[in-house]
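First to last, the protein sequences are chains A and B. My numbering numbers the first residue of the first sequence as 19 and each following residue consecutively. My numbering numbers the first residue of the second sequence as -14 and each following residue consecutively.
Note that these hints are calculated values from the structure, not bench results. Hints are supplied without guarantee of correctness; some may be wrong.
Derived DSS-like pairs: lysine-lysine, alpha-carbon spacing no greater than 27 Å straight-line [what the hints assert, rightly or not]:
id: 1; chain 1: A; residue 1: Lys59; chain 2: A; residue 2: Lys86
id: 2; chain 1: A; residue 1: Lys74; chain 2: A; residue 2: Lys86
id: 3; chain 1: A; residue 1: Lys86; chain 2: A; residue 2: Lys123
id: 4; chain 1: A; residue 1: Lys74; chain 2: A; residue 2: Lys123
id: 5; chain 1: A; residue 1: Lys59; chain 2: B; residue 2: Lys42
id: 6; chain 1: A; residue 1: Lys35; chain 2: A; residue 2: Lys74
id: 7; chain 1: B; residue 1: Lys(-4); chain 2: A; residue 2: Lys123
id: 8; chain 1: A; residue 1: Lys21; chain 2: A; residue 2: Lys123
id: 9; chain 1: A; residue 1: Lys21; chain 2: B; residue 2: Lys42
id: 10; chain 1: A; residue 1: Lys35; chain 2: A; residue 2: Lys123
id: 11; chain 1: B; residue 1: Lys(-4); chain 2: B; residue 2: Lys55
id: 12; chain 1: A; residue 1: Lys35; chain 2: B; residue 2: Lys42
id: 13; chain 1: B; residue 1: Lys55; chain 2: A; residue 2: Lys123
id: 14; chain 1: A; residue 1: Lys59; chain 2: A; residue 2: Lys123
id: 15; chain 1: A; residue 1: Lys86; chain 2: A; residue 2: Lys21
Each chain, written out:
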Amino acid sequence: ELKVEQNPLFLSMQEGKNYTIYCNYSTTSDRLYWYRQDPGKSLESLFVLLSNGAVKQEGRLMASLDTKARLSTLHITAAVHDLSATYFCAVDVRGGSNYKLTFGKGTLLTVNP
Amino acid sequence: DAGITQSPRYKITETGRQVTLMCHQTWSHSYMFWYRQDLGHGLRLIYYSAAADITDKGEVPDGYVVSRSKTENFPLTLESATRSQTSVYFCASSGFGHHYEQYFGPGTRLTVT
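Could you put the whole structure together from the sequences, leaning on the hints where they help?
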């Protein structure tokens, strides 16, 4: 059974600081997704990482994937208040034909002035 | 309008009642999913569908029924609602053209009294 663990689950940071959210998963996968959820809203896709060594960047967020270590990171650079949200990683089980995703429990990020 | 929609957005029902949540997508995505989101549990997959007339159980299927007679629709029925089914329900769809990235509907907040 695929397990996806995110840490930390709660992250309070100051504006301007850098931090990294980690996503570990338990079985081989070549496809990993990051989503953002604002309070009371739906999930919005941020990044799709499709191969080992993949790196994607959008604004102050950068995601990377190391399939050998079964690890993805979401790095936040110079945080701003607008980045406050819950961030989920999700992993596609390799070799499956049903394209199900298993989600981590999410990281609640609060950026304080 | 293009995209994925859910109805109703909010629903209050009584224990024992049958209730159906609707999901409609306009992308002709082959895959559709139903999740529930509860505090402390993250997103859990209830049922998914790979194509019309093909459905399969997810992590927490008990008490739920799905059907998919048309590609664009994927209704979720709670046959006899229980208080433990109070939750926020998200529908999602994915297809080949977007690396099977899942796109989420706006959600339905269901309260069972």
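Check your understanding: Going through the earlier hints one by one, which of them does the structure break, listed in rising order?
Key -> Violated hints: 1, 12, 13; rest satisfied.
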